[in-house]
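When you get a sec, could you build the whole thing from the sequences and use the hints?
For reference, the chains in residue letters:
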Amino acid sequence: MNPETMLPAICTVTEIRTDTPDVKTFRVVSRDGKKPFEHLPGQCAMVSLPGIGEAMFSVTSSPTDLEWLEFSIKKCGHLTEWLHMLEPGMEVTVRGPYGRPFPVDDELLHKNLLFIAGGIGLAPLRSVIRYVRAKRENYGNVEIIYGARSKADLVDYDEITTEWTRDMNVHLTIDRAEDAWDGHVGFVPNYVKELSPSLDSVALVCGPPIMIKFTVQGLTELGFRPEQIYTTMELRMKCGVGKCGRCNIGAKYVCKDGPVFRFDELGELPDEY
Amino acid sequence: MKYLPTARLDRFLEDAAKLRKIYVPVDGEQNRAAYRLWMPGTVVSKALNTTRSAKDFFFPQTENLVGFRRTEKKLEIVDPRRETEDFAVFGVRACDARSFSILDKVFLSDPADTYYANRRAHGLVLSVSCRRPAETCFCTAFGIDPSAPEGDVTFTDDGEGYYVRANSEKGEAFLESLSGVFDEADEAGEKEARAQTKRIADRLPLGTLPLEKFGGGKTKDLFDRPEWSSLSESCIGCGTCTFVCPTCQCYDIRDFDTGREVRRFRCWDSCMYSDFTKMAGGNPRLTQKERFRQRFMHKLVYFPENNGGEFGCVGCGRCLRACPIGMNIVKVLKTLAEDGNES
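These protein sequence lines map, in sequence, to chains A and B. With the numbering used here applied, the first sequence corresponds to residues 102 to 374, in that order. With the numbering used here applied, the second sequence corresponds to residues -17 to 325, in that order.
Bear in mind the hints are in silico, worked out from the structure with no lab data behind them. Please read all numbers here as calculations on a predicted model, not as lab measurements. Note that the Cβ used here is the ideal one computed from N, Cα and C, for glycine as well. There's no promise every hint is true.
[Claimed, not checked] One side only, chain B facing chain A, incomplete, derived with CB under 8 Å:
| hint | residue |
| --- | --- |
| 1 | THR53 |
| 2 | LEU57 |
| 3 | PRO93 |
| 4 | GLN231 |
Quick look at the structure:
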C-alpha cells in the first residue's frame, strides 16, 4: 500500500462489460498499462471519479489475473450512476488494496468450498472463485449456489456457464419462473436447504443482508458451525484505513479488520450492520 | 528548573514568536476564549479553557488532501501540501494535552496519516497547569493530573508566575534558545504549586466516575441496555458535542469542484448525523438512539478495546457546557453504571 494513503493512482478503464441491466464490470490498468497493485481475494479498493465521489468496491478479479484489476459495480447511487456512464479509455482513480482477505492460502486450503451468492453478492466471491480455479489442485470439491431476481440479473452468466461449470458444481436459481429458464426457481436460502450441501465444507456467503441472514440460518439448521461460514461485509467507508470512524461494527472496522469475517467473529460483535 | 514571572510572560512570547509562530488563548465575545496567533499587544486569556479544543492545530476542521485537474480525457493529481511551518501552542491544559496522545493513537497508527504526522512534527505543545479546575472538569476521573499536564514544555502556574519544565528534546531545545527570559528556580516551588492545584482537583464534584463498568470487552454488557432510549430521547443530533470534543476525530472526505480543479478535502464529521453511515442500500444506524449510542460506546468501550484500555475521553467538560439539551458523557456513565448495579 502506498504510504500516502490519500493519494490515489490514476488508472485507465480499458474494457467495460455489461453484465446485467444494472451491473457493469470495469477492467482497469495503471497509466503504464500494468496492474495497479497486487491484492488478495476479498480485498477492496477505493474507486473514484474526482468531482463526483469515491467509494469502496471489492476487487472482483483474482490475484492470478496478472494484467489488470476488475470491479463489478451495480448502479445504485450517485457515484455508481456516473461510473456506468464511463466509456473505455476514460480515467478513474484507484487506491488500495484494503482490508482482510478470505484466507485462501491457509484456512481454506485443501477444503471443500461452498460458495453461496445472491445478486451482486457474487462480485466479491468472484475473486475467490477465479483464484480457486487457477489453483484448482489446492482445493477440494467446489459447489456454487448462485441466485438472482431473473436470468438477466445473474452477474457473470457467460463466465459461469462456459467456464466455471468445467471444474465446479454450479447451481443457479432465479426468484420467479421465466420462459427462457429451465433451471431452478426459488430464493437462495431455500435452494441451499434443498441441496443440503456436505457438512465437511467451508461456506463463503455474500449477498443482500436479508439473504445472508436466512442463508446462514439455513446452514446452521443443516449443521454448519459458525466457524465454517465466512461472509464479507459492507458499510459506508471514507478513508479505508480505520481512521475516519464510520465503518465500525462494535470495536471492529470493516475497512481494516474486515471486510471478511467468520461468523463466530461476527457473533461477538453487536448486531448493527 | 526555570521560572517565568507573570509580568515577563509578554517578553517570553515576544522572544518565542521570533523562533516560530506561537498561538495563545485570547478572550473573545461572550467569554469565549479561542487560540489566536500571538502578535505584540495580544492579551493572553485568563479563562480556564478555550471554547473549542486545541485539536484544530493537528487535525484542522477542513483540510485539502489531494487535488485533480482534468484535461480532455486525462486526469492529473496535484498534491496540495506545503511544508508546514514550525509553530507552538501556549496555554494547552492537561485535558487537551492528553487528547493529543489519544489522537496520535488513531492518526499515527499504521498506516500513519501523513497530514497529521507532519503537523505533529512541526508543532510544539506548551501546556499550562490549571490553577482552579472548574466544576464541570473531570479529567482526574480519567487519570489526568491538571497540576502536571503533558506536552513538550509544562508551565506550572503558582499564581504569580510559572515553573517551566521541558518534557521532550524538542521542548528542551526550545527553552535553551530562550534562556534569557527565565529565572532559575528549585523544584520545591513547582511541587508546592502542584499541591495547591491538587487540593482543588481532589474536591471536584465529578472527579471520580464509575468507570469500572466500562472499557474494552464490555460491548455485550452495554450495547443492548434499555437506558440508551431514554438517554438519547431528547438528542437533536446537532453534533455540537463532537465538534467541541478534543478527542472526536471522525471525518468525511468530499470533493469540491472549483471549476479549475477538483479539491478533495476532509472535514470534521459527526457520528451524531443521520447520513454518517447512510449507504445507497440502507443505513445501519437508523435512529438517533443508534447514533448516540455509537458516540459513547466508542469513547467508553470500543476505543479502550483497541488501545490498551485507554478511554477516549479526557474530561475537559466542554460537552457538558455545549449540549443544548444538557446531555453529556457524565450522565451516560452514571446512568448506565447505576442501573447496572441493580440488575
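Now the hints, each set against the structure:
| no. | hint | result |
| --- | --- | --- |
| 1 | THR53 | violated, 11 Å |
| 2 | LEU57 | holds, 5 Å |
| 3 | PRO93 | holds, 5 Å |
| 4 | GLN231 | holds, 7 Å |
The earlier numbered hint that this structure contradicts is number 1, and it is the only one.
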